[in-house]
Amino acid sequence: MSGARILVVEDEAIEALDIERRLTASGYTVIDSVSTGEEAVRRVEETGPDLVLMDISLHGEMDGVSAAGMIRTQFDIPVVYLTAYADEPTLQRAKLTEPHGYIVKPFKERELYIAIDMALYKHKLERKLKENEKWLATTLRSIGDAVIATDNAGQITFMNGVAEDLLGWKLEEVLNRKLTEVFTIVNRDTRLPVENPVTRVLREGFVVGLANHTVLIARNGSEIPIDDSAAPIKDDNRAITGVILVFRDVTERQEAEENVLREKTFSEMAINSLPGIFYLFEQNGTIRRWNSNFEQVTGYSPDEITRMTLMDFFSPEEQGSIAQAVNKVFSDGKAIFEENLLCKDGRTVPHHFMGFRMIVDGVPYLVGSGTDVTGHRAMENELRRARDDLERRVEERTFELREAYEALRAETEERARAEAQLRQSHKMEAIGTLAGGIAHDFNNILAGIIGFTEMVLEDVPPESPIRRNLEHVLKGGLRGRDLVKQILSFTRQSEQERKPVALGQLIGETLKLIRPVVPSTIDIRKNIAAVQDTVMADPVQIEQVLMNLCTNAAHAMRDTGGLLEVGLADEHFFRETPIRSSMKPGDYVRLSVSDSGSGMEPDILERVFDPFFTTKGPGEGTGLGLSVVHGIAKSHGGHVTAHSEPGRGSTFHVYLPKIESVVAGDAGGHAVTRGGSECILLVDDEETIVEMNSQRLSSLGYKVVAFMNSVDALKAFEAEPGKFDLLITDYTMPHMTGIDLARAVLRIKPDFPVILSSGLEEEMVKEVGVKAFLSKTAGKRELASLIRRVLEE
0 MSGARILVVE
10 DEAIEALDIE
20 RRLTASGYTV
30 IDSVSTGEEA
40 VRRVEETGPD
50 LVLMDISLHG
60 EMDGVSAAGM
70 IRTQFDIPVV
80 YLTAYADEPT
90 LQRAKLTEPH
100 GYIVKPFKER
110 ELYIAIDMAL
120 YKHKLERKLK
130 ENEKWLATTL
140 RSIGDAVIAT
150 DNAGQITFMN
160 GVAEDLLGWK
170 LEEVLNRKLT
180 EVFTIVNRDT
190 RLPVENPVTR
200 VLREGFVVGL
210 ANHTVLIARN
220 GSEIPIDDSA
230 APIKDDNRAI
240 TGVILVFRDV
250 TERQEAEENV
260 LREKTFSEMA
270 INSLPGIFYL
280 FEQNGTIRRW
290 NSNFEQVTGY
300 SPDEITRMTL
310 MDFFSPEEQG
320 SIAQAVNKVF
330 SDGKAIFEEN
340 LLCKDGRTVP
350 HHFMGFRMIV
360 DGVPYLVGSG
370 TDVTGHRAME
380 NELRRARDDL
390 ERRVEERTFE
400 LREAYEALRA
410 ETEERARAEA
420 QLRQSHKMEA
430 IGTLAGGIAH
440 DFNNILAGII
450 GFTEMVLEDV
460 PPESPIRRNL
470 EHVLKGGLRG
480 RDLVKQILSF
490 TRQSEQERKP
500 VALGQLIGET
510 LKLIRPVVPS
520 TIDIRKNIAA
530 VQDTVMADPV
540 QIEQVLMNLC
550 TNAAHAMRDT
560 GGLLEVGLAD
570 EHFFRETPIR
580 SSMKPGDYVR
590 LSVSDSGSGM
600 EPDILERVFD
610 PFFTTKGPGE
620 GTGLGLSVVH
630 GIAKSHGGHV
640 TAHSEPGRGS
650 TFHVYLPKIE
660 SVVAGDAGGH
670 AVTRGGSECI
680 LLVDDEETIV
690 EMNSQRLSSL
700 GYKVVAFMNS
710 VDALKAFEAE
720 PGKFDLLITD
730 YTMPHMTGID
740 LARAVLRIKP
750 DFPVILSSGL
760 EEEMVKEVGV
770 KAFLSKTAGK
780 RELASLIRRV
790 LEE
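Residue numbers (numbering that gives the first Met the number 0): 0 to 792.
Note that these hints are calculated values from the structure, not bench results. Mixed in with the good hints there might be a few duds.
If you anchor each label on the Cβ, the simulated ranges turn out as follows [what the hints assert, rightly or not]: (1) E180 to T640: 51 to 57 Å; (2) K615 to H734: 36 to 42 Å; (3) T550 to T305: 33 to 39 Å.
These numbers come from a predicted model, not from an experiment. No residue lacks a Cβ here, since even glycine has one placed at the ideal position from N, Cα and C.
Could you put together the complete structure from these sequences and hints?
The following block contains the structure:
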């Protein structure tokens, strides 16, 4: 890298001057030249060079290896060793300092420049990879659940802090150990071992979860009830490369469930222990709860009681007074009366009733009890005593009724907690989507690393000392490529299989869910105008799109009320006028969500799809809703647009392609390194990619005409279409995309072979007429094999 600032450490003055002259002539800046290790450390601290050229053998107490170790550890500056000879122990010490290269004296200028450029480039990439690895690790460590990752052999590769706390092991203690050695689970009741979920995933290839009553035996022997799920990590070939295990301590949840069950059982026992009948009615007379005495006295079965109302248990002559008593309960909160209970066999049994008004979640109920007073009416004194006794017992049972109420309320609160957990899981899905969103950019970076390293290796003789270092660089690039594939696979692990979805029906079902949670001041209108509304989609994701858009629309009108309108219409985009260059011309369904709220300013409108951007107050939103909508629409081959003006509301249009057949070229084949003599038109807007592939193709014997602008490439093809035998083009480019360029070339020369190259996934860039797909990170052998296969078809 021309212009880099270099510190030279060489105790031979003549050699130091020669190195300075060579570096200066090549455009490098030599900030200083020193002859001892102590001076080198001091000058690095003072000047902060980009790289240090270090002679291994130096005079003085500190040799080059010791100085390099201090520089590497304290200042994170790359070091390239200069040496004419060194004993084996010294070389072993040098390796421990993790140098970025070796140059053996005497050396050629080309070897010097290659070693320096590779060291600087490698150091830059190392820093970038460390930053990204730190970001991903921080994300996983911040998750509230325990997370463990393994490779396809079941060996641990990652474990966050929550997992460390639950297991009692530290990551450094279990790294590369089998998960089964530290993750022991048994059935709480039978005490039999439970099969490790990672083992099941590696065997079956599907997401699995633990059965109920599973406990984790920690390192210290303590037992922790858990639930979990394990999911496979797959590469582009659907091969399992590892497993993600997520589990959590459910001690509090189990205790809460057991408390709810105990309270429910207690309330049932309390109700059935009452000496008389117990009942709970809605205000419209529908009976909701009763005790066993109620069934015995009336003679009706539970199924029959469920279909009856309050008035069915009284004769027509008494229904008027019963209605007055019920109204008194709901108006005054309490009523006491005597009437004859009408039984199934026609008998009437006189009862003394006491009813109370009880309100649960804003809904009023009548709860009460009744006591049989047969034979007591003839005996006033006994009736009085019975009445007093009844009132006393009712007061005593008031506590039990409150307990029943508390049990009902606890059950309601548990449901609310479950809903909160569901919302949290939706947020985690959004984080997974965001984590995968950065992965495809790495492919462009890795393409240059892999490609140029391969070419340098071709020029380096097998016995060269720097060959092994270059092989390490290539190996690191390939590992980075595999890491990108794992990230992309992880972000798809919860995605359901796509299938034909009728959007009109899905809208109707979703609006039924939305209506109860939208304020009554907001009207909801459905306008289905599409003749054919079927798309190939993940119904859960499309429902999430609709829920996010409707929730935002309702939030915009929460104070003023208004109209929320959901529409569906047919759209057709011609080749000349697609709404986005990444969308294919054809038939689409347009899903629209509009509100009559206050609208958005232009500067807000420009950023609505940015992740984490929100205009809501603290605690009201994450800023991920619309970015998730955008990502889902794009993954389905569609697009989303926003239209808004201050004071005139907002409208969002989601375009989804109708079902159609898509045929794409196959990028498979055997890896063959055979070249040819044909002329290839190469187009890519990345200078690094153009330079790398030009050199690759030329080394294979091909004639290469390269462009960084797709418009210029088309002009060259139009001028001499017979000159070229193959087009290799990038997918995403300014002015004209690779798909548009391919279409234009095929119009001029049908059946002309075209290879589409991209940093994205293959299924995202398939196009009719394109012969094959080439990954940005493909190696030279794969490139050569693919070209021959396409040309010889």
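Verification of the supplied hints:
1. At roughly 54 Å, the beta-carbon separation of E180 and T640 lies within the given 51 to 57 Å, and the hint holds.
2. Taken as a hint, the range 36 to 42 Å holds for the pair K615 and H734, whose Cβ atoms sit roughly 38 Å apart.
3. At about 37 Å, the CB distance of T550 to T305 agrees with the hint of 33 to 39 Å.
Figure legend: structure checked against the earlier numbered hints; every hint is met.
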